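Q: So the sequences go chain by chain: A and B. Take 1 as the starting number for the first sequence in this note's numbering and just add one per residue. Take 1001 as the starting number for the second sequence in this note's numbering and just add one per residue.
It is possible that part of the hints are untrue.
What the hints assert, rightly or not - Once the Cα atoms are required to be at most 20 Å apart in a straight line, the calculated PhoX-like pairs of lysine-lysine come out as:
1. B:Lys-1054 - B:Lys-1068
2. B:Lys-1005 - B:Lys-1071
3. A:Lys-44 - B:Lys-1037
4. B:Lys-1054 - A:Lys-44
5. B:Lys-1068 - B:Lys-1056
6. B:Lys-1104 - A:Lys-44
7. A:Lys-83 - A:Lys-11
8. B:Lys-1104 - B:Lys-1037
9. B:Lys-1071 - B:Lys-1056
To be clear, the hints were calculated from the coordinates, so they are not data collected in a lab. Bear in mind the structure is a predicted one, so any value in this text is a computation, not a measurement.
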Amino acid sequence: EAGVAQSPRYKIIEKRQSVAFWCNPISGHATLYWYQQILGQGPKLLIQFQNNGVVDDSQLPKDRFSAERLKGVDSTLKIQPAKLEDSAVYLCASSPIRRPSSGRYNEQFFGPGTRLTVL
Amino acid sequence: DQQVKQNSPSLSVQEGRISILNCDYTNSMFDYFLWYKKYPAEGPTFLISISSIKDKNEDGRFTVFLNKSAKHLSLHIVPSQPGDSAVYFCAASARSGYALNFGKGTSLLVTP
Chain A
1 EAGVAQSPRY KIIEKRQSVA FWCNPISGHA TLYWYQQILG QGPKLLIQFQ NNGVVDDSQL
61 PKDRFSAERL KGVDSTLKIQ PAKLEDSAVY LCASSPIRRP SSGRYNEQFF GPGTRLTVL
Chain B
1001 DQQVKQNSPS LSVQEGRISI LNCDYTNSMF DYFLWYKKYP AEGPTFLISI SSIKDKNEDG
1061 RFTVFLNKSA KHLSLHIVPS QPGDSAVYFC AASARSGYAL NFGKGTSLLV TP
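All chains, full assembly: derive it from the sequences and hints.
A: Below, the structure written as structure tokens:
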């Protein structure tokens, strides 16, 4: 099956500019996540969708970040305006609704990420 | 606050030997624990996971051990191969379908 697709793969912008990232999850996966991975750190959740509804956006800096998943399939994440500290890899992941007895507990499938550099 | 901790930033092991990667957590509500492997310029890929009701799970060369009383888990790779060289992330979540809390990762280098 096709994996999680993300674009662009790389983006360089000046601070105070805006940027948008796109994610297409694995077909049939109801849950979609956006994670931010700063250099030297592990991924950190920004927002989680179940179909087209938001499950958790408690760590999303809502003054500058926004995300949507209008038809319960693909999703966009936007930053406006960008700051230097937003330089990171933005990872999209998706997961099916799977019973824990499968043994692959809470497995999430990650895309290749978008590396953002803010100058 | 970092709820999942990987205190060893790097580890070097000879090919054929055992690699042991460690992870500690602080949140007693975590039910599922996962290990992900990451190569440069790629997203993390799932390796193995374990539920809090078990203390061991094995998949080929990879075994994960969970010590709930110590809030500690470890990943054993036997035998280690050069292709195992990557960054390994420990992750945990409270329930299935919940977001993952990641550690900072351990960079494993397997030398021939």
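Q: Hints first: check each against the structure and report whether it holds.
A: Hint check:
no. : hint                    : result
1   : B:Lys-1054 - B:Lys-1068 : holds (9 Å)
2   : B:Lys-1005 - B:Lys-1071 : holds (11 Å)
3   : A:Lys-44 - B:Lys-1037   : holds (16 Å)
4   : B:Lys-1054 - A:Lys-44   : violated (26 Å)
5   : B:Lys-1068 - B:Lys-1056 : holds (11 Å)
6   : B:Lys-1104 - A:Lys-44   : holds (10 Å)
7   : A:Lys-83 - A:Lys-11     : holds (14 Å)
8   : B:Lys-1104 - B:Lys-1037 : holds (12 Å)
9   : B:Lys-1071 - B:Lys-1056 : holds (14 Å)
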